[in-house]
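A.B. asks: These protein sequence lines are chains A and B, in that order.
Here full-length UniProt numbering is used: the first residue of the first sequence is 1, the next is one more, and so on.
Here full-length UniProt numbering is used: the first residue of the second sequence is 1, the next is one more, and so on.
These are computed hints drawn from the structure, not numbers from a lab.
No false leads were slipped in.
Using 16 Å as the maximum straight-line C-alpha spacing, the simulated EDC-like pairs for lysine to aspartate or glutamate come out as follows:
(1) Lys182/B with Glu30/B
(2) Lys301/A with Glu87/B
(3) Lys301/A with Glu88/B
Which chain A residues stay away from chain B? Per the calculated CB distances, all over 12 Å, these:
(4) Ala54
(5) Leu57
(6) Asn133
(7) Ala140
(8) Val326
(9) Phe526
(10) Glu542
(11) Leu642
Heads up, the beta-carbon is just placed ideally off N, CA and C, and yes, glycines get one too.
Each chain, letter by letter, is given below.
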Amino acid sequence: MSGERSAVDRECRRTKRIVRRSLDSLRRIGRIARWEVSRSAGTVDRKTVLVAVAMLLVVGAVGLSVADDGLGLADELYVVGVDGDDPYADVVAESDRFRAVPLEDVEISGDGTDSNVDVVVTRDGELGYVGENGEQAFDAFRDAIESYNENRMAEADDEVAAYPVLVTVSYQERDPLRPDGTTSPAESDGTDSGARDDSSTESSPDDGAAADSDGMTDGSTADSDGVTDGSSEPTDETRDGDELRVPDVGGTIDERTTTGTPSTLSPPFPFQSLLLAFLFIVPMNFVVQAYGSTIMDERIKRRGELLLVSPSSRYEIVGGKTLPYVLGLVAIVVATAVAIGGGPLSVAAVIPIALVFLGSTFVGAMLARSFKELTFVTVTISVFLTTYAFVPAIFTEVTPIALISPLTIVVVDLQGDPVTAGEYLFSTATFYLSAFVLFLLGIGIYREEDMFAQKPIPAKILDAITSQIDSISARVGGHWSPFVLSILGIPFVFAAQLLTVSLLFVVPDVVALPIMLVVAAAIEEFAKSVHVYAGFARGRFEATGRTAAVLGAFSGAGFFVGEKLTHLGQLVGLPELAVGTAAFGPELTGGVSIAVLAAVVLAPLALHVVTATISAAGARRGSIPYAVAFVVATLVHALYNLGVIVLVT
Amino acid sequence: MAILEVDGLRKEYGDFVAVEGSTFSIGRGEVFGVVGPNGAGKTTTLKMLAGLIEPSGGSATVAGYAPGEPAMQRQLGFLPEESPLYEEMTAVDYLTFFADLYDVPSDVARERIHRTLDRLDLEHRDRRLGNVSKGMKRKVAIARALVNDPDVLIFDEPASGLDPLTTNYIIEFTRELSDEGKTIVFSAHNLFHVESICDRIAVMNDGRIVARGTLEEIRDAHGGTEYHVYATVDASAALDAGRDAVGSRSGPSRSVAVSRENGRVRHVVPEMADVEAIREAVEANGGRVTDIRTETPSLEDIFLEIASDGPDGEAKA
Numbered sequence: 001m002s003g004e005r006s007a008v009d010r011e012c013r014r015t016k017r018i019v020r021r022s023l024d025s026l027r028r029i030g031r032i033a034r035w036e037v038s039r040s041a042g043t044v045d046r047k048t049v050l051v052a053v054a055m056l057l058v059v060g061a062v063g064l065s066v067a068d069d070g071l072g073l074a075d076e077l078y079v080v081g082v083d084g085d086d087p088y089a090d091v092v093a094e095s096d097r098f099r100a101v102p103l104e105d106v107e108i109s110g111d112g113t114d115s116n117v118d119v120v121v122t123r124d125g126e127l128g129y130v131g132e133n134g135e136q137a138f139d140a141f142r143d144a145i146e147s148y149n150e151n152r153m154a155e156a157d158d159e160v161a162a163y164p165v166l167v168t169v170s171y172q173e174r175d176p177l178r179p180d181g182t183t184s185p186a187e188s189d190g191t192d193s194g195a196r197d198d199s200s201t202e203s204s205p206d207d208g209a210a211a212d213s214d215g216m217t218d219g220s221t222a223d224s225d226g227v228t229d230g231s232s233e234p235t236d237e238t239r240d241g242d243e244l245r246v247p248d249v250g251g252t253i254d255e256r257t258t259t260g261t262p263s264t265l266s267p268p269f270p271f272q273s274l275l276l277a278f279l280f281i282v283p284m285n286f287v288v289q290a291y292g293s294t295i296m297d298e299r300i301k302r303r304g305e306l307l308l309v310s311p312s313s314r315y316e317i318v319g320g321k322t323l324p325y326v327l328g329l330v331a332i333v334v335a336t337a338v339a340i341g342g343g344p345l346s347v348a349a350v351i352p353i354a355l356v357f358l359g360s361t362f363v364g365a366m367l368a369r370s371f372k373e374l375t376f377v378t379v380t381i382s383v384f385l386t387t388y389a390f391v392p393a394i395f396t397e398v399t400p401i402a403l404i405s406p407l408t409i410v411v412v413d414l415q416g417d418p419v420t421a422g423e424y425l426f427s428t429a430t431f432y433l434s435a436f437v438l439f440l441l442g443i444g445i446y447r448e449e450d451m452f453a454q455k456p457i458p459a460k461i462l463d464a465i466t467s468q469i470d471s472i473s474a475r476v477g478g479h480w481s482p483f484v485l486s487i488l489g490i491p492f493v494f495a496a497q498l499l500t501v502s503l504l505f506v507v508p509d510v511v512a513l514p515i516m517l518v519v520a521a522a523i524e525e526f527a528k529s530v531h532v533y534a535g536f537a538r539g540r541f542e543a544t545g546r547t548a549a550v551l552g553a554f555s556g557a558g559f560f561v562g563e564k565l566t567h568l569g570q571l572v573g574l575p576e577l578a579v580g581t582a583a584f585g586p587e588l589t590g591g592v593s594i595a596v597l598a599a600v601v602l603a604p605l606a607l608h609v610v611t612a613t614i615s616a617a618g619a620r621r622g623s624i625p626y627a628v629a630f631v632v633a634t635l636v637h638a639l640y641n642l643g644v645i646v647l648v649t
Numbered sequence: 001m002a003i004l005e006v007d008g009l010r011k012e013y014g015d016f017v018a019v020e021g022s023t024f025s026i027g028r029g030e031v032f033g034v035v036g037p038n039g040a041g042k043t044t045t046l047k048m049l050a051g052l053i054e055p056s057g058g059s060a061t062v063a064g065y066a067p068g069e070p071a072m073q074r075q076l077g078f079l080p081e082e083s084p085l086y087e088e089m090t091a092v093d094y095l096t097f098f099a100d101l102y103d104v105p106s107d108v109a110r111e112r113i114h115r116t117l118d119r120l121d122l123e124h125r126d127r128r129l130g131n132v133s134k135g136m137k138r139k140v141a142i143a144r145a146l147v148n149d150p151d152v153l154i155f156d157e158p159a160s161g162l163d164p165l166t167t168n169y170i171i172e173f174t175r176e177l178s179d180e181g182k183t184i185v186f187s188a189h190n191l192f193h194v195e196s197i198c199d200r201i202a203v204m205n206d207g208r209i210v211a212r213g214t215l216e217e218i219r220d221a222h223g224g225t226e227y228h229v230y231a232t233v234d235a236s237a238a239l240d241a242g243r244d245a246v247g248s249r250s251g252p253s254r255s256v257a258v259s260r261e262n263g264r265v266r267h268v269v270p271e272m273a274d275v276e277a278i279r280e281a282v283e284a285n286g287g288r289v290t291d292i293r294t295e296t297p298s299l300e301d302i303f304l305e306i307a308s309d310g311p312d313g314e315a316k317a
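Build out the structure end to end from the sequences listed, making use of the hints.
C.D. replies: Dropping the structure here:
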């Protein structure tokens with residue numbers, strides 16, 4: 001009984017000790033953070049702060065304005081004389097570029113120079129232009145009519161507007177009885193045409209040609225009339241009986257054509273939501289500049305040395321120095337969300353992006369040897385991450401690849417659509433883990449020997465990895481470090497492969513697949529071997545064949561475990577894409593025997609162990625043998641991937 | 001009782017060995033000097049003791065703790081060779097922040113900071129550190145090393161690049177700290193300062209400690225006292241006479257150095273017995289001895305001799 005009591009007491013004391021240490025640690029982080037804020041405030045004068053805030057407000061206001069109304073430079077640029085009950089008045093009302101003037105108020109001078117309108121729509125439906133800007137105004141008015149028609153079309157449900165669109169084209173002889181190329185009434189009826197197609201991915205050339213032909217003919221007729229004589233000839237096609245209709249200038253806007261062909265469809269582009277989502281990213285670029293500078297300052301001026309001899313650990317120092325920037329970014333994100341109408345989901349999606357911005361800037365600032373290098377590093381990071389976050393979000397409504405960017409979640413949220421927990425996890429997990437690993441690597445070299453030394457960047461990277469080897473070795477033994485580090489490399493592997501998939505998405509499969517096979521293999525082999533090479537290069541491992549074999553096995557096994565995390569990709573259906581399959585492997589379909597299933601599960605383990613061992617064998621002998629072994633391992637891996645795809649699909 | 005112990009400390013950067021097998025111990029309240037030419041390994045040794053650089057081999061303890069442990073850092077005040085201050089802060093803000101990091105209660109910190117700054121005669125305490133003189137910055141850096149009231153102080157070139165007045169002030173202040181019982185590890189290029197305040201000294205060259213002990217012990221090992229005999233006779237005759245005299249007495253193997261100075265001839269010999277032999281030889285040649293002086297080599301003389309000998313010139317460990 002007393003034994004149990006003392007055990008409980010011991011456990012209580014231990015828990016109290018841990019809690020006390022944690023609180024002490026948090027207190028120190030808080031102190032450093034407070035100091036960082038007050039110190040940084042002293043480095044910037046008030047005028048600079050005011051200018052920066054003003055610039056941010058301007059950027060925000062412009063962004064909001066553009067998202068809401070467009071640039072507005074051409075607002076009411078042209079004046080159109082048109083009656084309010086004329087259908088053309090709707091075109092004028094919809095476009096910001098035009099201002100309507102009732103026909104009774106139109107004044108046209110003899111040569112047209114003193115006219116108060118640029119374009120006139122007569123009560124007979126005739127179009128004309130006057131004055132110096134008349135011709136440009138007329139062209140713009142035609143474009144506005146086209147946009148008006150397309151907008152009306154877009155409002156209607158379009159059953160064939162699904163992306164990506166795969167088209168199988170088969171050429172057929174044109175009916176010689178109709179040399180003008182027009183189709184029979186039945187064929188030219190778009191509804192019938194659409195209904196007749198079994199699949200929306202196929203279209204008869206006649207259908208498409210007919211629709212195009214009709215549309216273009218109509219449109220060009222109208223255009224031609226309008227442009228050549230500049231005034232008068234309304235086309236018959238624009239009229240239906242006595243009712244004046246908006247002329248069909250768009251090619252697909254004939255009332256009869258309710259279905260489109262692939263050539264007439266535009267990918268859905270969530271312009272407004274995307275632009276608003278982008279507003280989250282803009283301030284991050286400012287904040288990371290300040291953050292990178294403060295880290296660099298500690299190094300260049302050697303001021304960080306004195307913090308390192310204090311009782312604070314480097315984790316606490318980095319935590320304290322980073323915390324104000326994290327909180328600042330969170331505040332900016334929340335404020336932006338409030339301004340543009342984003343919800344908590346938008347905030348939750350943007351925060352991991354902010355963390356990766358900070359994490360990569362921290363590592364960059366630890367690696368750079370001068371402020372000039374830091375500028376290069378931060379600009380590179382900003383451009384790369386902005387691209388990585390922004391470009392996939394363009395395809396929010398097109399393909400699941402878009403979900404590799406948390407900004408897609410923001411776009412979806414702004415559009416008011418729901419997001420599943422799996423989708424959120426898929427989008428953000430890579431960012432959270434990458435930020436974590438980046439900070440870990442940076443903290444690894446937050447020490448006197450690396451902070452204040454002018455080492456080459458690759459040497460510092462090896463030092464950063466080696467510090468993690470030391471850290472892991474101290475806890476669980478040296479051989480486990482490749483196992484753990486291979487797992488920690490997974491977020492970068494995942495991000496790099498997803499980025500490659502998104503880049504190759506638009507490339508024809510015949511080109512994309514071989515590239516993807518090799519690149520995906522190279523990314524994985526690098527992640528499995530670079531830490532083993534670092535360990536050998538820094539003397540952490542004994543350079544023997546046996547050690548290389550053991551390390552390779554541990555690294556391969558670790559990667560195998562970590563790789564299973566990438567099966568998150570299955571949740572959002574990436575393997576349905578050909579390049580997705582090349583990157584992440586095919587999804588197994590039903591009816592597979594247990595033996596095959598076991599082989600499929602265990603084969604990757606064997607592959608990773610074998611290829612990691614090949615690389616490790618080279619790494620123990622130096623950089624050039626490592627490079628050669630890495631290439632061999634990559635080729636073996638790529639061949640394996642190819643074999644699996646051929647076998648399973 | 002040793003408060004700081006170093007055993008076989010080693011640091012290598014790739015193929016380059018910066019510090020090789022340093023071993024010494026320092027008693028409580030002692031002032032221990034570390035001298036040596038540039039690149040000898042002094043700063044690396046001090047930084048290993050401060051926990052800033054991880055040793056490649058060997059071990060060290062400061063106040064019973066390994067370098068880098070938080071408990072050890074609380075016992076240590078480190079003054080690096082340069083004074084990298086946060087120049088946008090005032091002296092008081094800067095010192096208060098570091099006191100906070102060392103968990104010094106704010107009222108204690110306030111009293112300690114102002115007392116130390118009073119002792120260091122520091123003016124303009126509320127002026128930004130970027131706007132004060134180099135000497136004042138150095139004083140603030142010293143005050144920062146004392147903000148946690150440490151038992152052990154490591155001062156790396158505390159007076160480097162300062163004017164003589166400030167230098168003397170800092171050396172005197174260091175002496176006062178020693179009198180208060182602080183253990184001080186002191187590195188300086190100005191050997192006069194080391195000689196004047198250090199109880200014991202380690203001379204480093206090429207990463208190794210080549211001499212170690214009190215100044216007297218090092219002097220004994222590297223030449224000790226010399227006797228300068230000044231004579232009036234012709235230099236060459238006196239030289240022959242002197243050499244014959246020394247040789248006839250089978251004196252020390254060390255040769256007699258002879259030079260001219262203000263029309264006189266100076267003979268430098270290591271033993272008192274040699275002085276008498278030279279006097280006899282001079283008189284035999286019709287001259288007379290005008291002066292005999294005792295000269296003690298400075299630490300600088302010894303340092304130059306050791307440095308020119310290289311690592312193999314170790315006379316005593």
